[in-house]
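J.: Following the hints, position chain X against chain W.
Taken in order, these protein sequences are the chains called W and X. For the first sequence, my numbering begins at 2 and goes up steadily by one. For the second sequence, my numbering begins at 13 and goes up steadily by one.
Be aware that one or more of the hints could be misleading.
Cβ-Cβ distance ranges computed for the label pairs, FRET-style [said to hold, decoys possible]:
1. X:44 - W:61: 37 to 43 Å
2. X:89 - W:125: 30 to 36 Å
3. W:208 - X:35: 21 to 27 Å
4. W:209 - X:101: 19 to 25 Å
5. X:95 - W:133: 47 to 53 Å
6. X:30 - W:199: 16 to 22 Å
7. X:91 - W:170: 24 to 30 Å
8. W:45 - X:44: 28 to 34 Å
9. X:35 - W:101: 39 to 45 Å
10. W:18 - X:41: 36 to 42 Å
11. X:17 - W:199: 29 to 35 Å
In case anyone wonders, no lab produced these hints; they're calculated from the structure. These figures come from a predicted structure and were not determined experimentally. C-beta atoms are modelled at their ideal positions from N, C-alpha and C, and glycine is treated no differently.
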Amino acid sequence: MAHIHLEDGAFSLTWVLVWWLLALVCIGIALWILRSKGRKDTGRITLAAFVTAAAFALFQVNIPLFGGVHLNLTPLVGILAGPVLGSLVVLVINILSAAIGHGGWGLVGANVLVNLAEVLVAFAVFRGSRTFLPDLFSRAGIATFAGLFTGNLIMIGIILVSGVQGVTQSPEQVLAGLSLIVAVNMGVAVIEALLSGLIVRYIGNVRPDLLGEQKG
Amino acid sequence: MSGPIEKRGPILFFLIAAILIAAAILAFQATGPQGIEERFHAATGLSHGGHEEEDGHGGDGGTGIAVEGDLVLYAIVLCGLALACMALYYHYRI
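For reference, chain X alone in the conformation it holds in the complex:
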């Protein structure tokens, strides 16, 4: 009695999987072999390596600073987040 109900899940799962794989193969043929970031750059119209290469002064998003690729800024932001976590940890006695 429970046979068809038990089979319903796997049938639906593999049907969806087959459709998705077919769609992915078609999309892959359209885009060609690209990495994750290359594919995003192509989709959004950014030149590879970011638009910072075009304007020559880094992509700062209007903030005046460019965090991407700056190890010191990454370290500062990470330390800030770690300190904030410690403060919350002690404040709420987690």
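Just chain W, same shape as in the assembly:
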């Protein structure tokens, strides 16, 4: 899904530092919010640990659809862990992914921003559409679509703003090429939305408190 699959060296050092800095600011804000809360929500932290492991594992699985793609589960991270813990989750996933060669180290900052957008938008849509969409499956699915689409837009924005070193393509050509990637990604988002919808509906049935929902 939305993840910048370019090697180290694709972005100039300046842009690598800019995206890392922005990502660290976001992580810093998340840590500050967590510390200012005082009381630790151990249940939510445990849930965040589980979704980190699940999302990291799924990140590495290449699905042979449309030539090969992978799922992110970042919208599900946003729905289950929330935006604050979710931002830490995406940092961990991206660092561990870079550690095994999935995306360059220099792109971790940019990829954290892409995935963070997915977490934030999915969380906001899931919580914000409660009255409009009472059904948990479709609400989680639509939140997943919204999150992944936003992540893809951020991905395009970051690549266009940074520029890729050593290529002669015009920004318009790069935009056209990336738009095709977004279209393919969003096709696979259907699988991710179905998966997220089913997981959220199951959790809603057995532990609605984990979703901030009332049972019944």
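T.: Just chain X now, with coordinates in the frame of chain W:
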């Protein structure tokens, strides 16, 4: 009474899904079968395998070092991150 409201979500979900699948099939026909990284290289204009093959001295992004594919550097960066995590862990008594 709640029937139409309950159906609204699934109808919207499957409508979006149908549109996205149609768009993805059209995009796939335009790009052909490509892996994730191949598709990125084609979109950004990089030759497959990265532009390091073109200039012959590795893609260093102006830093003077090329981390991609260098196991020793990967190990060093990973150890550095692990040590940083340990330091933060003990400092904040997590």
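J.: Does each hint hold? Answer for all of them.
T.: The hints, checked one at a time:
Residue 44 (chain X) and residue 61 (chain W) have their C-beta atoms about 24 Å apart, which leaves the hinted 37 to 43 Å range violated. Hint check: residue 89 (chain X) to residue 125 (chain W), Cβ distance near 34 Å, so the stated range 30 to 36 Å holds. Our hint of 21 to 27 Å for residue 208 (chain W) and residue 35 (chain X) is violated, since their Cβ atoms are close to 35 Å apart. Taking the beta carbon of each, residue 209 (chain W) and residue 101 (chain X) are about 33 Å apart, not inside 19 to 25 Å as hinted.
A hinted range of 47 to 53 Å holds for the C-beta pair residue 95 (chain X) and residue 133 (chain W), which are about 48 Å apart. Residue 30 (chain X) and residue 199 (chain W) have their C-beta atoms about 18 Å apart, which keeps the hinted 16 to 22 Å range intact. The given range of 24 to 30 Å is broken by residue 91 (chain X) and residue 170 (chain W), whose C-beta atoms sit roughly 37 Å from each other. Checked against the hint of 28 to 34 Å, the C-beta distance between residue 45 (chain W) and residue 44 (chain X) comes to roughly 44 Å, which is inconsistent with it.
As the Cβ distance of residue 35 (chain X) to residue 101 (chain W) is approximately 31 Å, the hint placing it in 39 to 45 Å is violated. At about 39 Å, the beta-carbon gap between residue 18 (chain W) and residue 41 (chain X) stays in the expected band of 36 to 42 Å. Checking the proposed 29 to 35 Å range against residue 17 (chain X) and residue 199 (chain W) shows it is violated: the Cβ atoms sit about 21 Å from each other.
When the structure is compared with the earlier hints, violations turn up for hints 1, 3, 4, 7, 8, 9, 11 and for no others.
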